[in-house]
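Chains A and B are the protein sequences, given in the same order. If you're matching positions, the first sequence starts at 156 in the numbering used here and goes up one per residue. If you're matching positions, the second sequence starts at 156 in the numbering used here and goes up one per residue.
Check the hints yourself; a few may be wrong.
Intra- or inter-copy, both count: the list cannot distinguish identical chains.
[To be verified] When the alpha-carbon atoms are kept at most 16 Å apart in a straight line, the in silico EDC-like pairs for lysine to aspartate or glutamate are as follows:
hint: 1; residue 1: Lys444; residue 2: Asp280
hint: 2; residue 1: Lys595; residue 2: Asp211
hint: 3; residue 1: Lys190; residue 2: Asp173
hint: 4; residue 1: Lys431; residue 2: Asp280
hint: 5; residue 1: Lys196; residue 2: Glu212
hint: 6; residue 1: Lys179; residue 2: Asp604
hint: 7; residue 1: Lys179; residue 2: Asp598
hint: 8; residue 1: Lys595; residue 2: Glu447
hint: 9; residue 1: Lys160; residue 2: Asp577
Treat the hints as calculated values from the structure; they're not laboratory data.
There are 2 protein chains.
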Amino acid sequence: LSNIKLIGNSPAEPIIPDTVYDPKQRYLTLRTNQKAFGALKLRSEVSFLCRQVLRDEGFTEVETPLLFKSTPEGAREFLVPTRNQNMMYALPQSPQQYKQVLMASGILKYYQFAKCFRDEALRSDRQPEFTQLDLEMGFANGSDVQRLVERLLKRIWWEFHGIELGPFPVLTYRTAMNEYGSDKPDMRYDLKIIDINDIIDSYLPPLQREYVHRFYKYELISVPNMKMHDGTFNTITKKLKEIGNLGEKMTGDQREIYRAHIYNQATRSRFRDNLKAIAPHLSEEILDKVMEDLVNRKLLRINSLVFLAKRKRESNSGGSTLMGDFRKALASVLEQKGYLTIKGHKFAWITRFPLFTKVEPDDTEPGQSSRNGYKSTHHPFTAPLNDHVTTTFLHPLRALGQHYDIVYNGVELGGGSTRIHDALLQRAILEEVLDVPASKLKDFQHLFDMLASGCPPHAGLALGFDRLVAMLMGSNSIRDVIAFPKNNNGVDPMVDSPSLVTPSQLEPYGILMENPPAVE
Amino acid sequence: LSNIKLIGNSPAEPIIPDTVYDPKQRYLTLRTNQKAFGALKLRSEVSFLCRQVLRDEGFTEVETPLLFKSTPEGAREFLVPTRNQNMMYALPQSPQQYKQVLMASGILKYYQFAKCFRDEALRSDRQPEFTQLDLEMGFANGSDVQRLVERLLKRIWWEFHGIELGPFPVLTYRTAMNEYGSDKPDMRYDLKIIDINDIIDSYLPPLQREYVHRFYKYELISVPNMKMHDGTFNTITKKLKEIGNLGEKMTGDQREIYRAHIYNQATRSRFRDNLKAIAPHLSEEILDKVMEDLVNRKLLRINSLVFLAKRKRESNSGGSTLMGDFRKALASVLEQKGYLTIKGHKFAWITRFPLFTKVEPDDTEPGQSSRNGYKSTHHPFTAPLNDHVTTTFLHPLRALGQHYDIVYNGVELGGGSTRIHDALLQRAILEEVLDVPASKLKDFQHLFDMLASGCPPHAGLALGFDRLVAMLMGSNSIRDVIAFPKNNNGVDPMVDSPSLVTPSQLEPYGILMENPPAVE
Chain A
156 LSNIKLIGNS
166 PAEPIIPDTV
176 YDPKQRYLTL
186 RTNQKAFGAL
196 KLRSEVSFLC
206 RQVLRDEGFT
216 EVETPLLFKS
226 TPEGAREFLV
236 PTRNQNMMYA
246 LPQSPQQYKQ
256 VLMASGILKY
266 YQFAKCFRDE
276 ALRSDRQPEF
286 TQLDLEMGFA
296 NGSDVQRLVE
306 RLLKRIWWEF
316 HGIELGPFPV
326 LTYRTAMNEY
336 GSDKPDMRYD
346 LKIIDINDII
356 DSYLPPLQRE
366 YVHRFYKYEL
376 ISVPNMKMHD
386 GTFNTITKKL
396 KEIGNLGEKM
406 TGDQREIYRA
416 HIYNQATRSR
426 FRDNLKAIAP
436 HLSEEILDKV
446 MEDLVNRKLL
456 RINSLVFLAK
466 RKRESNSGGS
476 TLMGDFRKAL
486 ASVLEQKGYL
496 TIKGHKFAWI
506 TRFPLFTKVE
516 PDDTEPGQSS
526 RNGYKSTHHP
536 FTAPLNDHVT
546 TTFLHPLRAL
556 GQHYDIVYNG
566 VELGGGSTRI
576 HDALLQRAIL
586 EEVLDVPASK
596 LKDFQHLFDM
606 LASGCPPHAG
616 LALGFDRLVA
626 MLMGSNSIRD
636 VIAFPKNNNG
646 VDPMVDSPSL
656 VTPSQLEPYG
666 ILMENPPAVE
Chain B
156 LSNIKLIGNS
166 PAEPIIPDTV
176 YDPKQRYLTL
186 RTNQKAFGAL
196 KLRSEVSFLC
206 RQVLRDEGFT
216 EVETPLLFKS
226 TPEGAREFLV
236 PTRNQNMMYA
246 LPQSPQQYKQ
256 VLMASGILKY
266 YQFAKCFRDE
276 ALRSDRQPEF
286 TQLDLEMGFA
296 NGSDVQRLVE
306 RLLKRIWWEF
316 HGIELGPFPV
326 LTYRTAMNEY
336 GSDKPDMRYD
346 LKIIDINDII
356 DSYLPPLQRE
366 YVHRFYKYEL
376 ISVPNMKMHD
386 GTFNTITKKL
396 KEIGNLGEKM
406 TGDQREIYRA
416 HIYNQATRSR
426 FRDNLKAIAP
436 HLSEEILDKV
446 MEDLVNRKLL
456 RINSLVFLAK
466 RKRESNSGGS
476 TLMGDFRKAL
486 ASVLEQKGYL
496 TIKGHKFAWI
506 TRFPLFTKVE
516 PDDTEPGQSS
526 RNGYKSTHHP
536 FTAPLNDHVT
546 TTFLHPLRAL
556 GQHYDIVYNG
566 VELGGGSTRI
576 HDALLQRAIL
586 EEVLDVPASK
596 LKDFQHLFDM
606 LASGCPPHAG
616 LALGFDRLVA
626 MLMGSNSIRD
636 VIAFPKNNNG
646 VDPMVDSPSL
656 VTPSQLEPYG
666 ILMENPPAVE
């Protein structure tokens, strides 16, 4: 060393690795924290690999506009004022419409790393802007898309974890909700929810079977071989009380009721009483038979931890049942207590989702809800199952759609569907089922025209790319894989966006502030 | 063929290749027009190749936020209202600030295919949203960036044209303006502009040389071996009259004056008269000497087409001189008449741009202009030449900056600079030279903090990716390479965006329409 040249200034405070820096100093976190820095490198590598794989598969990356327009479907959009009076762009929540147009344009294998925007109440791990790996295939159906995405994900997990994944299991939405109490089942552990309706039903007089259990489901989780007095049961019941109404009496309003037991001879009668409490229509004789049957099936065994539950059958409500939430909490306690190890990489496809969902009275989400009381479970472009087209119009809530989600370790990584490619069917679903008013229907005119122009059948999917990278590096937060994430208030603390604008800035757009700031 | 299954409807009208479809039916154009379709394929392939090359060079692709904030520099931004009263995001015109922050974050080789937005009066070939291949390098300077970009462009031209390009010539801004009359010189043909000031000066008394030509430049283009009577001269003079004041007498207001001749014995005296007319201070004796010298230098030859010009020296005015515009028009006529072939692939770097430009009285562009009467020629983060730091503050208009443009066949493909990496210098330029008011200066606080945290010297560049692909396929319009381009009014005719919004849509944002539509 013969010469030192100063090329810049250094800060007064020394920079120390792994200090927790203020989010305003995001650059110091990135500079000093190996995990934060590595996340950006990983993200770059994963996106490159995806492009490489998709290109090899014959896909074309197409950039679609971000200055789009406000449409009646979907969640809340950000608006972008223009100088053209009262005309505004909207930022897209997804490139859905444009990518369908690409199918009618002859780009039969399309993908894009698409920037998407959602102006919604921010939950803990949501961002107002996010990235989707968006893709669509023409002359293809959902299973073509699923096979492709499976190849892609296997390749990614192989390259970054050295793991060769087997075929992804496919579960229907109904199976997932019944067996795991969730449409995003974590399949790294078993703990399946057992439907005991069949058992109960088998002891009912035939006529009663027809109507008794049309509205309620009886479910059970049974964990064998609990050790006594290791505190597990108390921890679990405490935790479960935080989640739901464990052990509470069911009233008319309560959709779900749960009771937990360690089953043994001493608690046998308590279990029987609870079963009777939630199924008061069963005679003492039938109760005895059901109990015996549950014992024979080894669902009631000495020192088993048993959860008993009754819930309304509401398969369209989506998300998870309370029993599903219990299952997850249970797993985490069992892991903590050494009964279970939660690890591995479990992908699954969830299919055959209900096409529509009931609009709840307190549903204030704009867009998807309709005057008919239904909303699209995902979006109104999803095709019904081929044999559910009639049902779609006669009993919308019973119709199943060609939607599919890809789930990893209990987290939804993305979803897609086979789309409607028939202009008349598309129009009828918007107009008749969703009752979109004529004034809004014309916003879809380009879509009807495009479908009528001879559009091939097509299907696609979007992967939450932030989520994908986070999962890949074993992180629960997408913030860990975003260079400059926004906080829960939608604020980028580093540059301090969004910022206060002045009334004069709004002038060119012909808009005024409702409450202008006191001083400009 | 044993079975035909109908999988969709076809339109009533037959679809015929190469029909010119309405922009509303963009999908039919893409489906039937090989060039339009091929452009999207090419674009996808070029972006993939760029990523491949940059990854091999050790670059990391980082996505930076699109929901940014309004800042005082730059052209017009689009605003995005939020539910947080009077707080708005702005869509970025470039990721400039974020990418500089990445330099302080240790991502020393950054790139991104960045979506950029500009809310400006749309000129014929501008789009409100466009894509830049944006990159930045830490512990690097402009020539590192130039060498990298040169490797990248050579690779692209090799892959897509099979052409091995030689080293790109480097011209200073001054040379480009003097020799080609443009900061985007088309170097596929020679037709250089000859500066004849030195010739004239050499015959002036020494004292006069000091002041006579401080404000004006005398220039000449000479094209030898014109055929007589083939109409070229008339076509040229006609075309040139459309562009500028050819042959007009100079008045006080006119910056530039031009005269064109076919030089021969008969027109010799006319040429001499014209020279005298634009340089009336020259004595008859000096005029004779200059004429003789021009002849000896073969600038005046029998049957040469000669342009004579006088213009104000205004090197900072950028863009092109009238003589530069003439040169381009001249080349196109000469090509048309068979004197010249314009083809090939000529890249060039243009360097040493003036750091600041005078604000013209009619300059209504917001942002960059300052109360001091200067604006940044490019942006306020460009570093002055190392030996121009003092000049920057004493004579801002004389200071040259470390900016560079990459030009291809007379079109600017992109530009970049070595950035200021010293917090104090950055602050002083904004505060003292550009006279940014304190209230706006605080919007740059994160930048000052970041630079003060020990930020390495860095330089970068952004390539207009739409333009690059258009040039690569020999198209003059970026619309040809955009899947869903907007028209001159910023309208996407296919989906009809932007669209009319209702006052109620604006409610959550606390903004009102100045002139609400009559009926909602």
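Check your understanding: Which hint numbers doesn't this structure obey?
Key -> 1, 2, 4 and 8
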